[in-house]
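Keeping their order, the protein sequence lines are chains E and R. With the working numbering as the guide, the letters of the first sequence map in order to residues 1 to 88. With the working numbering as the guide, the letters of the second sequence map in order to residues 1 to 424.
In short, the hints are calculated from the structure, not lab data. Please read all numbers here as calculations on a predicted model, not as lab measurements. C-beta: ideal position from N, C-alpha, C; glycine also. Hints are supplied without guarantee of correctness; some may be wrong.
Stated by the list, open to error - Some chain R residues close to chain E (C-beta under 7 Å, calculated; not the full set):
| hint | residue |
| --- | --- |
| 1 | Glu23 |
| 2 | Pro71 |
| 3 | Asp72 |
| 4 | Val75 |
| 5 | Gly140 |
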Amino acid sequence: MRQVATREKRYVEVVSRTDPDGNVTPLAVVWADGVRYDIDRVLDSRQACSLKTGGTGMRYTIRVGGKSTYLFYEGPRWFVEAKVVPMP
Amino acid sequence: MDTSRVIVHSDMNAFYASVEQAERPDLRGLPVVVGGNEDTRHGIVLTASYEAKRRGVKTGTALWEARRACPDAVVVPPRFELYRRYSHLARRIYYDYTDLVEPFGPDEAWLDITNSVHLSGGDPELVAQEISERVRTELGLSVSVGLSWNKIFAKFGSDHDKPDGFMCVTPENCMRLVWGAPVSDLLYVGPATARKLARVGILTIGQLAQAPDELVRGMLGKMGIVVRSFARGLDESPVCPLDLASVDVGREVKSVGNGITCPFDVEDAVTARQVVWLMGESVAQRLRALGLAATCVGVSGRDAESLLGRSRQRRLFRPTNITSELCAGAADLLCADWDFRHEKIRAIGVRASCLVPAGGPVQLDLDGVEAARLRMASLDQAVDGLRLRYGNHAVRRLSELASPALASLDPERDHFTHPVSYFA
Chain E
1 MRQVATREKR YVEVVSRTDP DGNVTPLAVV WADGVRYDID RVLDSRQACS LKTGGTGMRY
61 TIRVGGKSTY LFYEGPRWFV EAKVVPMP
Chain R
1 MDTSRVIVHS DMNAFYASVE QAERPDLRGL PVVVGGNEDT RHGIVLTASY EAKRRGVKTG
61 TALWEARRAC PDAVVVPPRF ELYRRYSHLA RRIYYDYTDL VEPFGPDEAW LDITNSVHLS
121 GGDPELVAQE ISERVRTELG LSVSVGLSWN KIFAKFGSDH DKPDGFMCVT PENCMRLVWG
181 APVSDLLYVG PATARKLARV GILTIGQLAQ APDELVRGML GKMGIVVRSF ARGLDESPVC
241 PLDLASVDVG REVKSVGNGI TCPFDVEDAV TARQVVWLMG ESVAQRLRAL GLAATCVGVS
301 GRDAESLLGR SRQRRLFRPT NITSELCAGA ADLLCADWDF RHEKIRAIGV RASCLVPAGG
361 PVQLDLDGVE AARLRMASLD QAVDGLRLRY GNHAVRRLSE LASPALASLD PERDHFTHPV
421 SYFA
């Protein structure tokens, strides 16, 4: 199994829902290769900075495929702390 | 003396450099210097990170000096849009505690939490520390926080425990904490004032607080009485919240100015006039946008060799915001003051002051001067309309195009800052 060397800030496409009060709920993350990752559940949302990749925004703690991770809304864009795997 | 107020002063440490480190984790722990563009002769240190400051890099020095002090300094260009965003986000945190927030530049603010502290638990120290904690977790920046019953001592508190510090100045401990500090630590006591005070043996804030009226007034005029009242903790100025609808321009405008360090040394009167017109046009444009007219025009220049600056101003015959009148007045003033046979200018500034509302009644005259002025005013209005719709480069003066270096400048947009004064 290859090691995760570091993380990088990667802007991604996100499918979201906005309710009449303006609350935004992300529903799915679409990767650059077109693969769609549905978000099972949003566990938390708060304003926070990304210590791993830099930047700040509304941080959603989301569960995707049973694992929790962060998704940031840095209005008007979304970004994730993407894993960077070193070449063998 | 009203000591019941609860004033917090929040100061984001090494702001520009800290934002760069928050945005780019690869810069964390490195001596980071945010510096201007050396190619356009703006190569000075705007902000240095604490790692760089420890190595001897000072704000305001030339980048070559910074590199000499710290050869492995990482110099990055400024990203003002990003800094404005962080400043805005920090203010949003402050507004969670009180609506009385007075920004003092992009990185500092006073908060009056006297009447809202009970909503946040009632303990001012805990509120101040919570603000500091939230800025750190939400923005990734460290702040120093000062807490006191007046704005001056609150700022003293945040200035004195950096980075990431906290100081509470109370009537009980102020003599111990504040009065022993150098007098230059007080707001509005700069190097020149500190030198004057040192000449009569006033070296600490406590000595200034106990100085007699005649002494401070004789040395510093009416400002002497003001800074002495600061030293005594008698400042009762309110925290003035900004009008959110007008963001940073809610204060009364007392003057409008614009200056530039030229991309080249100005060696002749013709080029000097071109630069003055470039700056003056943006000043006149802003005056019109603010609905104001100036009765006084001023120019400043900085010598290319000695780097010494000097300024001149004069009253205008009648209040104006007409570009041609303002620029001609400023250009004549500059060219009369500088001898281009022996001098070269590095930086030029134009300033309009003694402002009055524009658009008042006009007394027409028999020789047609006022009628010509009205035609020029409507021409300016038409040009403003075109620039508003299509950008500042949509309509330009021929003199701007004479120099490619000047042609690339957009003084109305690029050189826009809101000066902050405690006495505004």
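The hints, checked one at a time:
Evaluation of the Glu23 of chain R hint against chain E yields a held restraint, the C-beta minimum of about 4 Å falling below 7 Å. With a cut of 7 Å, the hint placing Pro71 of chain R at the interface with chain E is violated, because the nearest CB-to-CB distance is about 25 Å. Evaluation of the Asp72 of chain R hint against chain E yields a violated restraint, the C-beta minimum of about 21 Å exceeding 7 Å. Given hint, Val75 of chain R at the interface with chain E, is violated; its Cβ is 18 Å from that chain's nearest Cβ, farther than 7 Å.
Given hint, Gly140 of chain R at the interface with chain E, holds; its Cβ is 3 Å from that chain's nearest Cβ, closer than 7 Å.
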